[in-house]
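Asker: Sequence:
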Amino acid sequence: PPIIGVPILTAIGSATSWRVALVVPGMAALVAAWWIAAVLPADRRQSAAHFHPRALLTAYIPLLHHPPSLRLLAVSALRGIWWIGLLTYLGAFLGTVVGFDPRQVGLAYALTGITYAGGSVATGSRLGAFSPRRMVAASCLLGGAVVGPLLIFPGSAIFVPLLALGSLAAAVCSVGIVNTLVSESPAGAATTMVLNGAMLNGGTALGAMAGGLLIAAGGYTALGIGLPGFALLSAILAAWPSRHEATEREA
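Read in order, the letters of the sequence shown are residues 19 to 269 in my numbering.
Since the hints were made in silico from the structure, they are not lab data.
Where hints are given, some of them may not hold.
Simulated DEER-style distance windows between Cβ atoms [said to hold, decoys possible]:
| # | residue 1 | residue 2 | range |
| --- | --- | --- | --- |
| 1 | Val41 | Asp119 | 42 to 50 angstroms |
| 2 | Val200 | Arg72 | 21 to 29 angstroms |
| 3 | Pro167 | Thr114 | 35 to 43 angstroms |
| 4 | Arg37 | Arg121 | 28 to 36 angstroms |
| 5 | Met211 | Gly136 | 20 to 28 angstroms |
| 6 | Gly113 | Pro43 | 42 to 50 angstroms |
| 7 | Arg121 | Ala77 | 21 to 29 angstroms |
For glycine and all other residues, C-beta sits at the position ideal for the given N, C-alpha and C.
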């Protein structure tokens, strides 16, 4: 969506109004819902089974007693804070501080999406040969090092490469966390990924809130100072070695 959808919607908004730009994706969502309902086969009825809250909690107990996985889940939440905290206010920053028009803002989001997709693919292939935790830690450090100058020194000449680097770091961090959790978590993959998604969503909400508070306190400069702190904390937690990596080093 950031690669194609945002530039299209900004073009529509520039030609008409922001209300039309909001109505268009809403109509597209309705059409997509109708198409899915018409194309997908009907669900099969499952055998009658009673839901037991204890069984749900039991599935998470091994994960909650595994500190390395809990640290990675915390990294996922912190990544949501520093990355989404940036993306939430990126459009306003580009328009009011950098001086981009709506189409340029759309292109900036498209660049973010393209770089993010490229980073995700690279992480699953060539970068996958490196230590997953070190890769996640390095990506968090890179993200923190980029976010600060990006917001504090809003020159358009340096903005584009910094934004691309930040998007790349966020993608590497995200995929690295998932790969590490799948290989190390003592719980099932589905259970682990559901909790990881919940932590990321929680971090996303906190990132939007923290970003707003920082901007209210000291403008975008405060945002550029505060967000790297979350990235640094996530790097420290990611670099914390697990027993799995310690055993591999001894071997």
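Asker: All the hints need checking, so say for each whether the structure fits it.
Answerer: Hint-by-hint comparison with the structure:
no. : hint                                : verdict
1   : Val41 x Asp119: 42 to 50 angstroms  : violated (22 angstroms)
2   : Val200 x Arg72: 21 to 29 angstroms  : holds (26 angstroms)
3   : Pro167 x Thr114: 35 to 43 angstroms : violated (18 angstroms)
4   : Arg37 x Arg121: 28 to 36 angstroms  : violated (18 angstroms)
5   : Met211 x Gly136: 20 to 28 angstroms : holds (23 angstroms)
6   : Gly113 x Pro43: 42 to 50 angstroms  : violated (20 angstroms)
7   : Arg121 x Ala77: 21 to 29 angstroms  : violated (48 angstroms)
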